[in-house]
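Visitor: Take these sequences, add in the hints, and give me the full structure.
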Amino acid sequence: ILETATEIYCAMLLMENLFPTSVHEFSGAKKAWTQACHHHNNKLAYDGGILKLIMAWSTHICGQFKLKAHPIVMTTFSCETSANKGVQAKNCLLVSELKQNLVFIFHTWGSSLNEHTGLYTNPVIQQVINEVLFKNKLDDSIKWGTYYNPFPQVAFALVLTAIECAIDEWASGLCEMISIKEDNYSRVFNSHLISLDEFSKAAGKLDPLKKLLEQVYDTG
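Residue numbering for the sequence shown follows the numbering used here, starting at 574 and increasing by one per position.
These aren't lab readings, by the way, just hints derived from the structure by calculation. Among the hints, a few may not be true.
As the list claims (entries may be wrong) - Ranges of calculated distance between the beta carbons of each label pair, as one might list FRET restraints: (1) K754 x G683: 17 to 23 Å; (2) S595 x R760: 17 to 23 Å; (3) R760 x F599: 31 to 37 Å; (4) A656 x F599: 43 to 49 Å; (5) E576 x N757: 31 to 37 Å; (6) E589 x N757: 34 to 40 Å; (7) N757 x L640: 15 to 21 Å.
What the hints assert, rightly or not - Straight line, CA to CA, 30 Å or less: simulated DSSO-like cross-link-like pairs of lysine-lysine: (8) K710 x K783; (9) K710 x K663; (10) K783 x K672; (11) K716 x K625; (12) K604 x K616; (13) K784 x K663; (14) K604 x K625; (15) K708 x K658; (16) K708 x K778; (17) K716 x K672; (18) K784 x K672; (19) K604 x K672; (20) K784 x K710; (21) K716 x K783; (22) K754 x K625; (23) K603 x K710; (24) K603 x K716; (25) K754 x K774; (26) K710 x K616; (27) K658 x K672; (28) K603 x K754; (29) K778 x K754.
Quantities reported herein were computed from a predicted structural model and do not represent experimental measurements. We treat Cβ as the ideally placed atom computed from N, Cα and C, and that holds for glycine.
Guide: So, in structure tokens, the structure goes:
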């Protein structure tokens, strides 16, 4: 039951709120436990220890996305570990270019923002998602398709945040590990979430975001 409860709790976080207050964490853990008991046709009571184990996954799930984003970002964008000052300067420049107008979220880059194409379809995004949630047919995203299909907008914003965090690690020219749970990344996360809302509303009833998130799940 505990395993099922943590799976449901993570799914709820990825659907609703990745940076909940302690009150919301507590109520979310209780809700997840209740749903897990219902799933197993069991009425086992929870205690404080069980709820703490469930709530601990709020930090773990964010860390998982960041952990998988790090090597993918390093390989995809050709970041290099070196004591050579020229290589370090190249890394700094690369980070600056990737962060400018969030170019890393586009599939194809042009010489200006208007020339970038494929918004939110850079392959690195799907790669990170697949590494965390679509490794095999037994993964939570398949087991709990009612939560993950279409792919949650909140989870998509987390992926973008994890990728940006992994890029920021190279800002000095050398790789310096950064925790995605630090206060500044909750603001980055909210910024991505707002941008996704704007993207969704930009085309009216066509809602390109909905189609994108459906495709993300189907591709995974």
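Visitor: Of the hints stated earlier, which fail here?
Guide: 1, 3, 6, 9, 13, 15, 16, 17, 19 and 29
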